[in-house]
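Protein sequence lines correspond, in order, to chains U and Z. Number 853 in our numbering belongs to position 853 of the first sequence; there are no gaps in the numbering. If you count the second sequence from 1, you need to add 1000 to reach our numbering.
Hints are computed from structural coordinates only; laboratory data are not their basis. Just so you know, even glycine gets a beta-carbon here, dropped at the ideal spot from N, CA and C. A few of these clues could be false.
Said to hold, decoys possible - Selected chain Z positions facing chain U (in silico; Cβ < 10 angstroms):
#1 GLY1020
#2 VAL1034
#3 ALA1040
#4 THR1047
#5 LEU1058
#6 GLY1062
#7 TRP1066
#8 ALA1074
#9 VAL1078
#10 ARG1091
Claimed, not checked - In silico EDC-like pairs for lysine to aspartate or glutamate, Cα to Cα no more than 20 angstroms straight-line:
#11 LYS17/U x GLU91/U
#12 LYS701/U x ASP1072/Z
#13 LYS629/U x ASP414/U
#14 LYS17/U x ASP29/U
#15 LYS345/U x ASP414/U
#16 LYS404/U x ASP361/U
#17 LYS701/U x ASP1036/Z
#18 LYS26/U x ASP75/U
#19 LYS1086/Z x GLU743/U
#20 LYS1086/Z x ASP738/U
#21 LYS854/U x GLU690/U
#22 LYS882/U x ASP1072/Z
#23 LYS701/U x ASP1076/Z
#24 LYS1050/Z x ASP1072/Z
#25 LYS435/U x ASP1035/Z
#26 LYS17/U x ASP268/U
#27 LYS701/U x ASP642/U
#28 LYS435/U x ASP1076/Z
#29 LYS526/U x GLU568/U
#30 LYS701/U x GLU568/U
#31 LYS854/U x ASP987/U
#32 LYS17/U x ASP94/U
#33 LYS629/U x GLU529/U
#34 LYS882/U x GLU690/U
#35 LYS220/U x ASP268/U
#36 LYS882/U x GLU743/U
#37 LYS1050/Z x ASP1076/Z
#38 LYS526/U x GLU540/U
#39 LYS701/U x GLU1022/Z
#40 LYS1086/Z x GLU737/U
Read off the chains here:
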Amino acid sequence: MVQTYRLVRGGRIDRSKPIAMRFNGKELDAFAGDTVASALLANGIHFAARSFKFHRPRGVFSHGSEEPNALLSVDRGGGRIDPNNSASAIEAVDGLSLRSQNHWPSLQFDVGAVNGALSPLFVAGFYYKTFMWPRSFWDRIYEPAIRAAAGLGRAPATPDPDRYQHTHAHCDVLVVGAGPAGLAAALAASEAGKRVILADEQAEMGGALLHELTSTIDGKSAWAWLEDTLARLASRGTVTLLPRTTAFGYYNHNHVGLVQRVTDHLADPHPDLPRERLWQVRAREVVLATGSHERPLVFAGNDRPGIMLAESLRVFVNRYGVVPGQRALIVTSGASAYTAAADLKAVGIDVAVVDARPHNDCAVEAAALRAAGCEVLAGHTVLGSRGRGRVSGLIVAPVDDSGKVGARRILPCDCVGLSGGWTPAVHLFSQSRGKLGYDAAIDAFAPGTSVQAERSAGAARGTYQLTACLGEGWNAGAAAAGLARGRRFTASASRTGFRPFRQLPTDGAKGRGRAFVDLQNDVTVKDIELAVREGFESIEHVKRYTTTGMATDQGKTSNMNALGLVAETLGKPMAEIGTTTFRLPYTPVTFAALAGPNRGRLFDPSRTTPTHDWAVAAGASFEDVGLWKRARCFPLQGEDMDAAVARECRAVRTRAGIFDASTLGKIEVVGPDAAEFLNRLYTNAFTRLEPGRCRYGLMLKEDGYILDDGVVARLARDRFHVTTTTGGAARVLQHMEDYLQTEWPNLQVYLTSITEQYAVIALQGPKAREILTLLVDGIDLGREAFPHMSLRIGSVCGVPCRLFRVSFTGELGYELNVPSDYGQPVWEAVIERGQAFGITPYGTESMHVLRAEKGFIVVGQETDGTVTPDDVGLAGLIAGSKTDFVGCRSLARPDLVSPGRRQLVGLMTEDAQGVLEEGAQIVADPAEPIPMRMLGHVTSSYWSPNCGRSIALALIAAGRSLIGRRLYATTPTGFAEVRVCNPIFVDRKGERVHA
Amino acid sequence: MLLITCPYCGARPESEFRCGGEAHIARPPQPGNVDDTAWADYLFYRTNPKGVHAERWLHAHGCQRWFNMLRDTASDQVIGIYAMGKSRPDRPKT
Ligand SMILES: [Zn+2]
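Required output: the full structure, derived from the provided sequences and hints.
See below:
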């Protein structure tokens, strides 16, 4: 397509650099400096989208990120598909492929447009009212159908091939917005030598100056002043200029999130560049110079392609050299649109103005425009529009002083500019928790008192005169930087002032035309009136019921009209209605930018044990335990997991098994008060534990519930080696530090995590001692010399070792703690030595089966933060000699001693082969009517190779009194009969550990 | 994200810290002598004010030290930071 609608000169585009793109498969030509919106208009394309609900034809409505209509899917090739981009915010770049959305089969002919004909059905609250009954239809019919029909663009189907980066930055002054106020603020702040970041969402900095052709600042043209100012800022080493960077979120303590679009404007970006960069800026001071948004006017048929904002028409002409139409109508209730009309007239466009204000209120600007040869219809309203696919005329009529609407006439046109006034962009100010106040003089909610170290300047606080914007910007920047020097700017006068109309006067005639308030969500005047009639009075409720302001543009252009309509319908002042909450992000942010580099391999770190490489080479299958990769089992050729686990479990009970327990948390507790400290933290008593002895310790939270368990070994009078569960390592250390620092700071104790310093090799089984005998130095392994629950310090294979005689399997067993670097060599040496005894490496799955056969609990499996020591049968670990320890007092709370508490028991299925599901509910009688009484649940369940049957552990109400009783456990298909039993299935007397 | 000045390390982002709830909840010296109601009060009941709140904070991904902080729960402004064991600075000592 050719750029028929382009001026031969003028604008900030580079006509020597043509750009070739595609729109819905057809060629779309542009020049460097264009946006996709300006390119579409230069090619004569106004009809660019279908609306969300009614699928109505829509066109480019604005020149910026506030765009409600022209949302396009952008395809940059190679799977780089990004839906729902505002055409006005996409820079033209070679090779871009753009698609319109929300239609089928094509933009011109769309089946969904039938929704428009059915529009009486799609009233406010339509979904809430229609899809209520019957309940069962919601899941199967309504929701899938609504989801299929809803949404704008399609999400890409392949992973994003681009890279995204995160940057953290600090500065003295962050200036958001590089229009006249922001530039002046940056000048002032940097003059004082402060570190300044100036961020602006557009490709070029300058804001409104970029389409200012006739205004002057300090005797220079606006463009010349802009060029000088940017050059001056760039020359200052303390200033960082960030164009294409949107400040999207204002968080606590001047923490501001920015997204910088790094490569989207480049046809062939360097592969090392990220596509987007997320900046997290911590600023001492912030200046918000975020400008303002023009409001449309509301009348029937105000949504046809070709109808846009008046200032946007001016931008397309002045900045992009585009001719948006041959005959333009400006419909306004304010003065600024007359500048737009004059600028259009200046390039030869036929312009007429329809002003809703009476003659006397617009006499000055009307006279000036009439002198330029334009027709001005003051005191007129618009009653409707004409056209198919694009506006071809407006129906206008005079309104007399009493409000009576006179005779209709049609004004032909091919584009329309609307101007219903201006709304300061207070989004970031509001996010910063600053309080907004309604200012009747500008009919807007404007920044009031700041809560953070922040100042608003220029149009963002409702100041629209160029001179005043520059002055305010300077003052804000100077104050932020502590600069005393003032500066006076002299600039051309701006046309300002408007009279707010929530909707233009109508003549009461019934028509089919709908007056749209929120274009993106297709919310009409009638919807809002209906919502108020139905009793929705809070603006937050009206918003949710009608969905006004809830689209991707968050109502940047529409919210004030919606608020005004609610106020009028309720007959309340605007200040009383208030405004809805401004939520971040200011404009949509890609998930990829937020995720940054934290994906794929870098999503989470992996922790591996010292024998990890050996396990990989041995063909182990692994499971994730927190961040750890743990060997789950070691299947031999042709074995599945069940067979491997059965073989490993039998080997441990008959010969010997070797297991990597390095992930256990290990804390060294040192100091003269170490024993006293542990005494206060564990249920057990430690003061009389002799050096060289270990104790199985239970640690409670202050509420009496089990926090963690592990072995506590006394190395010396003032030194303990404490182990924790794998998952509890950090939690337990923090728990200890908390009490040490905040409750008992007088205790002399030092805590050091040694988890990573030691590899732990568990050697378990009747042959364990024989295997170890030839490997240790300086330790007598004799049955009496080195009994169960003790430790010795010596060396194994010549490596220093803390050798524990402990067992989590119920067999004779040792745990070798050797320096991590020696973990794998020692592991290999033990296996080599054990070959003759049939030593078998086993993984976490076998570890679990073996401990369950012994009824040993796993914290987090048998316990869930509401389980006491007595619940799991460990009341014996509570030292009777102590009057206090953490959690002690809570054990006497009424709830914790009540007789109906769930207790740990064993379960044996009647069908010995049937393994229960962990989490399965236990009931007394499956014939009981629903809802049945739940007695408890299965906490652990395995096939036990050593018992030759299925075994399970369960927490059951008063379970210990039910031993021998028959109960039922839920299964995926029904119920399984189970018999309650003692939770110890193997070696109930516990003799084997003492072998 | 709050900017919190650790008394040992200096100003750091909130993500390095962990909040430990209301400060100055002293553990009864002899819990065995405390009745059920008073013990439940110690365990579970907190003031949760709108306004200035004394909280315990831990520089978890830093020096691992606990300290106290006065924070306005409505504005999130940090009013003061003081060591464990010190009394609340905006209240007269009793
Ligand atoms: Zn610190």
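Against the structure shown, which of the earlier numbered hints fail to hold, in ascending order? Of the numbered hints given earlier, those the structure breaks are 4, 6, 10, 12, 13, 21, 22, 23, 25, 27, 30, 33 and 35, listed in rising order.
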